[in-house]
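These protein sequence lines are chains A and B, in that order.
All residue numbers for the first sequence refer to this note's numbering, where the first residue is 27 and numbers rise by one.
All residue numbers for the second sequence refer to this note's numbering, where the first residue is 361 and numbers rise by one.
None of these hints come from the bench; they were simulated from the model.
Since this is a predicted model, take the numbers as computed values, not measurements.
Some hints here could point you the wrong way.
Unchecked claim - Taking lysine-lysine and the DSS-like style, the derived pairs with C-alpha atoms no more than 30 Å apart in a straight line are:
#, chain 1, residue 1, chain 2, residue 2
1, B, Lys481, A, Lys62
2, A, Lys135, A, Lys69
3, B, Lys392, A, Lys62
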Amino acid sequence: MSRVVHRFTRTVPEWRPRVTPVDLAQATPEQREALKITPSNTKVSDYVLVLAHDPETLAIRSPLFNAIMYDPGGMSRAERELGAIGASIVNRCIYCAAVHAARHAQLAKDTAVTDELFIRGEKAALPPREQAIFDFSVKLSQSPSAVTEADAARLREAGLSEAEIVDLILSTALFGWANRLMHVLGDPVRNDG
Amino acid sequence: MTATGFEASPWRGALAEVAAQTRSDIVEMSRKAEEAVTAPRDPGAFPTEWRLAMAARIAALNGLDNLAEHYRAKIAEPALRALAVPGAPGRVAREQAVLAFMDKVAAETRTVAAEDIEGLKAAGVADADIVRLCELNAFMSYQARVLAGLAILKGASA
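Throw the hints in and build the complete structure from the sequences for me.
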């Protein structure tokens, strides 16, 4: 039996699709092409097979995702993960939050920040720079039209460069996208026993 | 002109800002993603003008009136342009189910549950079309946040 996970966790659950994934044996050439450029092409996940129903978007989303989250330059990888986690907490995407909290803990060699995020959610109390990054991510995720120049000023005061702020905007916005796929198209589940 | 009128889009100015600050391939891929969700080669059950109406509706739900107007202005069919306004009802039961789903995914994402997907299936929306709806909705969320985020950096990046 498997049960749906409702609480934030760093232990990454399984993901159970709510629509039928594309059958790899029946995939069209365009779907195969789109599936090839995902990070793991040896074992294609159900999530990516679900997204293969819209191969044109998948083919562009996978490299865009990698460029925003992993390309060198700008904000550190751990801090980009913090932007992703802020969005995932607002949208309550348990699966995204788990993957990216685990990654943050690994990159930052620290679990204190993500422990606090999962206990107190949007009201988490963090060190000043992390606090500024997280608060901005939460605000932009909740309501894009609510962010103001004062929010940008606060990020600069916390020590972020313009390129880092752009990376924070991009990683937060990207998870506005990812959450609306992962949280909407499937359930995070844990197998009992 | 691209199918989505990229040259005249507020999206274009925002992407120029990204290009000035970060990796330029992000700009090109973001532009292509907009085309993939608004004017795809295989639109499934949702033709381009209907997609533009959803893009406008979601931009408006996010409080980005310029972006909403940009998309709305491209819609020739009055019945479709009417759908661009948040709260406007669907013309048939299936469309009403789709609109309720789109509004919820855009603005109340955290409350979306398995029943919402079951509701679409019950209304006769195919699995592939459910994924298409989610990608359109999710891209619009990305675009709205990139635009709104970059708007507060204007003038400071010299």
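I'd like to know which numbered hints this structure contradicts. Please list them from smallest to largest. Failing hints: none at all.
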